Amino acid sequence: MHGTRILDEADRLMTVCNSCRYCEGLCAVFPAMEMRRAFSDGDLNYLANLCHGCGACYVDCQFSPPHEFNVNVPKTLAVARAESYAAYAWPGALSGAFARNGLVISIIAALSMAAFILGFAALNDRNVLFGVHTGPGAFYRLMPHNAMAALFSAAFLYAVLALVMSVRAFWRDIGPPIGGRADGGSIVQAIRDAGELRYLHGGGVGCYNEDDKPTDRRKLYHHLTFYGFILCFGATSVATLYHYLLGREAPYPWWDLPVVLGTLGGIGLIIGPIGLLTAKLRRDPALLDELSYGMDVGFIAMLFLTGLTGMLLLLLRETSAMGPLLALHLGAVFALFITMPYGKFVHGIYRFAALVRYAQERRTAA
Amino acid sequence: MSSKYDVLVIGGGNAALCAAIAARRGGASVLVLEGAPKFYRGGNTRHTRNMRCAHDAATEILTGPYTEEEFWEDLLRVTGGQTDEVLARHMIRESKDILNWIVEQGVRWQPSLGGTLSLGRTNSFFLGGGRAMLNALYLTAERLGVDVEYDAEVTDLVIEDGMFLAARLKRPVKGETEIRATSLVAAAGGFEANIEWLKQYWGEAADNFLIRGTPYNRGSILKMLLDKGVQQVGDPTQCHAVAIDARAPKFDGGIITRHDSVVFGIVVNKHAERFYDEGEDIWPKRYAIWGRLVAAQPDQIAYIIFDSTVVTSFMPTLFPPIAGQTIAELAGKLELDPAALEKTITEFNAAVRPGTFDHTILDDCVTEGITPPKTHWARRIETPPYLAYPVRPGITFTYLGTRVTKEARMLMADGKPSANMFAAGEIMAGNVLGKGYAAGMGMTIGSVFGRIAGREAARHAKN
Chain A
287 MHGTRILDEA DRLMTVCNSC RYCEGLCAVF PAMEMRRAFS DGDLNYLANL CHGCGACYVD
347 CQFSPPHEFN VNVPKTLAVA RAESYAAYAW PGALSGAFAR NGLVISIIAA LSMAAFILGF
407 AALNDRNVLF GVHTGPGAFY RLMPHNAMAA LFSAAFLYAV LALVMSVRAF WRDIGPPIGG
467 RADGGSIVQA IRDAGELRYL HGGGVGCYNE DDKPTDRRKL YHHLTFYGFI LCFGATSVAT
527 LYHYLLGREA PYPWWDLPVV LGTLGGIGLI IGPIGLLTAK LRRDPALLDE LSYGMDVGFI
587 AMLFLTGLTG MLLLLLRETS AMGPLLALHL GAVFALFITM PYGKFVHGIY RFAALVRYAQ
647 ERRTAA
Chain B
121 MSSKYDVLVI GGGNAALCAA IAARRGGASV LVLEGAPKFY RGGNTRHTRN MRCAHDAATE
181 ILTGPYTEEE FWEDLLRVTG GQTDEVLARH MIRESKDILN WIVEQGVRWQ PSLGGTLSLG
241 RTNSFFLGGG RAMLNALYLT AERLGVDVEY DAEVTDLVIE DGMFLAARLK RPVKGETEIR
301 ATSLVAAAGG FEANIEWLKQ YWGEAADNFL IRGTPYNRGS ILKMLLDKGV QQVGDPTQCH
361 AVAIDARAPK FDGGIITRHD SVVFGIVVNK HAERFYDEGE DIWPKRYAIW GRLVAAQPDQ
421 IAYIIFDSTV VTSFMPTLFP PIAGQTIAEL AGKLELDPAA LEKTITEFNA AVRPGTFDHT
481 ILDDCVTEGI TPPKTHWARR IETPPYLAYP VRPGITFTYL GTRVTKEARM LMADGKPSAN
541 MFAAGEIMAG NVLGKGYAAG MGMTIGSVFG RIAGREAARH AKN
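Those protein sequences? They're chains A and B, same order as listed.
Using this note's numbering, the letters of the first sequence map in sequence onto residues 287 to 652.
Using this note's numbering, the letters of the second sequence map in sequence onto residues 121 to 583.
Worth double-checking, as some hints may not be accurate.
Using 30 Å as the maximum straight-line C-alpha spacing, the simulated DSBU-like pairs for lysine-lysine come out as follows [claimed, not checked]:
1. B:K290 to A:K499
2. B:K348 to B:K526
3. A:K499 to B:K294
4. B:K582 to B:K555
5. B:K526 to B:K216
6. B:K158 to A:K505
7. B:K390 to B:K319
8. B:K526 to B:K582
9. B:K463 to A:K499
10. B:K348 to B:K290
11. B:K390 to B:K463
12. A:K566 to B:K158
13. B:K343 to B:K370
14. B:K124 to B:K294
15. B:K343 to B:K290
Bear in mind the hints are in silico, worked out from the structure with no lab data behind them.
On a predicted model such as this, the values are computed, not experimentally measured, just so you know.
Go ahead and model the full structure; you've got the sequences and the hints to work with.
Given below as structure tokens:
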């Protein structure tokens with residue numbers, strides 16, 4: 287018996303699946319399962335995070351409901367996955383509340399931060415807020431650059447620390463008994479598998495979401511979201527280098543690298559999350575982990591708001607709307623950062639770790 | 121839905137869908153009547169995983185050539201010559217093209233699954249298994265414009281002078297109706313789920329059979345056809361039957377209730393006596409004899425008995441083995457006579473000769489001086505815990521069927537070919553399989569004759 291009911295169910299299913307193996311060619315989960323005959327909590331959490339939720343094994347399974355064997359791997363692993371986020375979160379006390387109320391907490395965090403920035407600015411000079419500011423340093427009339435950098439660096443570093451602590455606990459649980467250090471080849475393989483979402487492909491024909499037809503577009507929307515996020519992160523990083531190394535202050539002209547990266551990324555962060563949210567709303571209830579709805583939607587919403595406010599800021603930065611938009615944008619980014627370790631964001635980190643582990647296992651077995 | 125079609129296909133598995141797709145591609149309007157609800161569509165196809173096709177060279181997923189001649193020799197061996205050579209050779213020839221044709225219908229192949237390496241050269245596996253294969257065929261059929269009805273129970277066939285005219289149909293919502301069609305393809309499987317019918321040949325023993333597929337494989341179409349003058353082929357007691365876990369559900373336990381551990385231990389009946397050479401041949405070559413062997417034992421029950429040293433030698437099982445620290449404790453849990461089981465195992469252990477164990481070949485680990493002998497992989501059962509799986513006959517499909525020509529056209533009892541009735545799949549498997557089985561043959565029969573039947577049915581309808 288395992289620590290939780292969902293792990294008991296995952297164990298039952300892996301026992302069924304391990305005596306069948308028809309789904310072996312669909313993704314990484316089943317080959318990883320076949321390397322084992324018994325499943326520890328860590329094994330099951332590893333398999334849960336290796337699953338990309340493509341849905342193919344449910345549609346292809348002769349034992350899925352209404353069959354009495356009641357095999358529903360995507361949903362069971364989705365629930366186990368969400369519970370694993372809570373189990374490994376650091377500090378643990380913060381995880382449960384977020385899983386239940388992710389959307390509300392994210393929005394409150396974003397609005398609070400926006401209000402704080404607005405208040406901060408208004409306290410200095412009421413006219414700054416709705417004034418029209420242009421030219422280098424325009425953003426920093428609201429809040430001095432150093433204050434902004436300190437605030438966001440703190441939030442970012444906290445997120446990184448919490449994530450490192452969480453993934454360390456996960457890796458210890460799923461890792462090999464000795465050492466458990468990942469080799470370079472496995473990491474490169476995992477970067478490729480994650481980068482192209484290799485296992486979000488339904489075994490080749492495409493994924494399933496709303497019915498038994500492989501017409502799902504989540505892979506595309508996820509690429510838009512993920513690479514949009516990376517481009518936006520790149521834009522911020524380049525701007526930081528400009529600021530400190532070249533002494534060039536934001537805002538930058540439209541053709542400059544941070545703006546080009548931010549614009550492309552922002553477009554991805556608007557279209558991608560809309561697509562993902564639509565897919566989630568349409569998902570076959572049989573496959574959906576409804577308990578994680580708040581967490582999933584909260585993360586999608588924060589990404590979308592970050593993209594949307596960023597793009598609006600770019601379009602309206604020379605008008606009097608700049609002040610409030612900047613405050614909102616910074617609020618969204620701040621909320622994104624501080625909720626990262628407790629929200630859906632971690633799926634990427636854990637799944638990457640699981641892919642590294644899988645690549646390692648494959649290399650060892652080969 | 122129109123009530124007049126060029127081709128009516130009764131059945132919803134591999135053979136039926138191949139027929140429907142081939143007929144539709146041949147320009148015919150096609151209706152498929154599946155008696156089961158949508159989830160259980162496809163008869164036994166939903167539980168299959170591979171198909172045996174001849175090929176002259178290795179492919180991306182097959183490790184080497186498997187010639188027509190070799191396929192024929194395998195078929196000859198497993199059936200003991202009880203096959204229709206003309207039909208069988210025709211099927212084997214056509215199977216080569218099926219490897220590609222079935223991919224064009226959306227089915228995807230993959231290399232042999234973990235634990236089945238011995239089939240890697242001869243059998244092509246469906247990516248995602250049989251239900252994935254079915255899903256692909258249904259998607260293709262629907263895209264081509266084939267009409268499909270589920271829960272469609274055919275209550276009667278109107279046949280005059282070997283000519284199909286119409287089928288009477290009962291549907292849960294839309295009520296009764298009559299469907300006329302120019303050609304009929306019967307691809308509705310065997311009668312394995314019809315316990316009453318099985319009892320006609322097996323007597324009360326059939327009550328102890330477990331049925332590996334859905335409860336919908338009742339053979340009602342086969343019965344109607346035979347009653348209406350179609351020529352019968354095959355021995356009604358012949359079927360594909362394997363030993364499956366006695367704890368499996370009565371119906372639809374599928375692949376995961378099987379046991380491939382026979383060669384690693386001994387098999388005893390309810391009197392704790394051995395009854396057959398467990399080491400006769402490598403899994404899965406003789407996998408399909410154990411269903412009949414257990415069916416012939418008292419109460420149709422047997423126990424595979426082994427010890428803790430071989431647990432990891434075979435695939436993990438759905439049901440855990442029953443364990444005892446002593447033979448007597450195990451016997452108690454199995455409700456066998458402890459003294460009898462101890463005697464059997466003691467005698468067996470004493471008869472085991474030294475040898476070099478290798479389960480991948482016919483090794484030299486044999487017994488001497490006991491009957492029946494164990495002619496390979498004989499090792500002493502002596503390391504506790506002692507383990508056992510209770511097994512019963514698991515019936516996959518029956519071989520009794522309708523006789524057909526190379527064109528999959530049914531022959532009437534008087535020897536004349538039917539004008540417009542074709543058959544494919546398990547309902548005519550007995551033409552090729554008089555007895556015995558080789559892995560993946562059922563699907564070969566289904567796809568090859570399904571495609572032929574569909575093509576011929578459309579040709580008849582369009583002329």
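Verification of the supplied hints:
Taking the CA atoms of B:K290 and A:K499, the gap is near 29 Å; set against the 30 Å cutoff, the hint holds. Proposed proximity of B:K348 and B:K526 is supported: the alpha carbons are some 22 Å apart, at most 30 Å. At most 30 Å may separate the alpha-carbon atoms for a hinted pair to count; A:K499 and B:K294 meet this at roughly 26 Å. At most 30 Å may separate the alpha-carbon atoms for a hinted pair to count; B:K582 and B:K555 exceed this at roughly 37 Å.
Distance hint between B:K526 and B:K216 is fulfilled; the C-alpha atoms sit about 16 Å from each other, no more than 30 Å. With a C-alpha separation of about 28 Å, the suggested pair B:K158 and A:K505 falls inside the 30 Å cut-off, and the hint holds. Note on B:K390 and B:K319: the hinted pairing holds, with a Cα-Cα distance of about 22 Å set against a maximum of 30 Å. In summary, the hint linking B:K526 to B:K582 is supported, as the alpha carbons are separated by about 20 Å, within the 30 Å threshold.
Restraint check: the Cα-Cα separation between B:K463 and A:K499 comes to about 58 Å, which exceeds 30 Å; the hinted pair is violated. Only pairs whose Cα atoms come within 30 Å are accepted, and B:K348 paired with B:K290 is accepted, the gap being roughly 20 Å. Taking the CA atoms of B:K390 and B:K463, the gap is near 14 Å; set against the 30 Å cutoff, the hint holds. A threshold of 30 Å between alpha carbons decides the hint, and for A:K566 with B:K158 the separation of about 25 Å falls inside it, so the pair holds.
Distance hint between B:K343 and B:K370 is fulfilled; the C-alpha atoms sit about 23 Å from each other, no more than 30 Å. Restraint check: the Cα-Cα separation between B:K124 and B:K294 comes to about 17 Å, which is no more than 30 Å; the hinted pair holds. At most 30 Å may separate the alpha-carbon atoms for a hinted pair to count; B:K343 and B:K290 meet this at roughly 17 Å.
Of the numbered hints stated above, those contradicted by the structure are hints 4 and 9, listed in ascending order.
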